Amino acid sequence: MEVYRELFDRAMSSSRKRQTMKSFCQKTRDSRSLDFLEDLSEYRNMNFEERMVKMNQIIDKYLLKTAPRRLKVPVDVELDSILNGSGQLELFDVIQEKVTNSIVSGSTFKNLVKSSAFAD
1 MEVYRELFDR AMSSSRKRQT MKSFCQKTRD SRSLDFLEDL SEYRNMNFEE RMVKMNQIID
61 KYLLKTAPRR LKVPVDVELD SILNGSGQLE LFDVIQEKVT NSIVSGSTFK NLVKSSAFAD
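Those letters in the sequence shown? Residues 1 to 120, by the UniProt record's numbering.
Honestly, the hints are just simulated from the structure, not real lab data.
Model, not experiment: these values are computed from the prediction.
We put the beta carbon where it would ideally sit given N, CA and C, even for glycine.
Any given hint could turn out to be false.
In silico BS3-like links for lysine-lysine, alpha-carbon gap of 25 Å or less [to be verified]:
(1) K17 - K114
(2) K114 - K27
(3) K98 - K61
(4) K17 - K72
(5) K22 - K98
(6) K17 - K98
(7) K98 - K72
(8) K110 - K27
(9) K17 - K65
(10) K27 - K17
(11) K61 - K72
(12) K98 - K65
(13) K110 - K17
(14) K114 - K98
(15) K114 - K22
(16) K114 - K72
(17) K61 - K27
(18) K27 - K98
(19) K54 - K98
(20) K72 - K27
(21) K110 - K72
(22) K110 - K22
(23) K110 - K98
(24) K54 - K72
(25) K114 - K61
(26) K54 - K65
(27) K22 - K54
Per label pair, the in silico range of CB-to-CB distance [said to hold, decoys possible]:
(28) S81 - K22: 27 to 35 Å
(29) A117 - S86: 36 to 44 Å
(30) L83 - E42: 15 to 23 Å
Please construct the entire structure, taking both the sequences and the accompanying hints into account.
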């Protein structure tokens, strides 16, 4: 899994590979986790006031039981502390790690890595 994690981290730092990964995930209807990570990246680059708004959008979109794009990883334990958060940069770190591990260990990412679309 460590090899896949390294490949994933490199892909996320390359706009071309990240776009390839996003397109592949959309074709397989499995883009929710990647969209969540992209929203977190935006969140971390915002000023405090903007982060507060984005924090609530992320919670509503991905974390609540009624969320339209609810994540497929368990978030209930972390949700309480997130709901009490106030735009901290590290607020979503635990969930981000769970989501990343889920992507890296999942078949969609492994199939992408094996595909010609992911080749350098």
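Q: Quickly compare the C-alpha distance for K54 and K72 to 25 Å and report which way the hint goes.
A: Distance ~20 Å between K54 and K72 Cα, so the pair holds.
Q | Given hint K27 paired with K61 - CA-CA distance at most 25 Å | A | 21 Å, holds
Q.
Check the hint pairing K114 with K98 against an upper bound of 25 Å on the C-alpha distance.
A. 23 Å, holds
Q: Mind checking the alpha carbons of K110 and K98 for me, to see if they're no more than 25 Å apart?
A: 17 Å, holds
Q.
Run the distance test for K61 versus K72: straight-line Cα separation, threshold 25 Å.
A. Holds, because 13 Å separates the two Cα atoms, which is no more than 25 Å.
(Q) Hinted pair, alpha-carbon criterion (25 Å max): K98, K61. Please report holds or violated. (A) Within the cut-off at roughly 17 Å; holds.
Q | Distance restraint between K27 and K17, which requires alpha-carbon spacing of 25 Å or less | A | 15 Å, holds
**Q.** Distance restraint between K114 and K22, which requires alpha-carbon spacing of 25 Å or less
**A.** Holds: K114 and K22 sit about 15 Å apart, inside 25 Å.
**Q.** 25 Å limit on alpha-carbon distance, applied to hinted pair K110 and K72
**A.** Distance of about 18 Å is within 25 Å: holds.
Q: Sort out whether K27 lies within 25 Å of K72, counting only the CA atoms.
A: Answer holds: K72 to K27 is near 18 Å, not above 25 Å.
Q: Quickly compare the C-alpha distance for K17 and K114 to 25 Å and report which way the hint goes.
A: Holds. K17 to K114 sits at ~14 Å (cutoff 25 Å).
Q) For the pair supplied as a hint, K22 and K98, is the alpha-carbon distance within the 25 Å limit? A) Since the Cα atoms of K22 and K98 sit roughly 18 Å apart, the hinted pair holds (cutoff 25 Å).
Checked against the numbered hints given earlier, the structure breaks hints 9 and 25 and satisfies all the rest.
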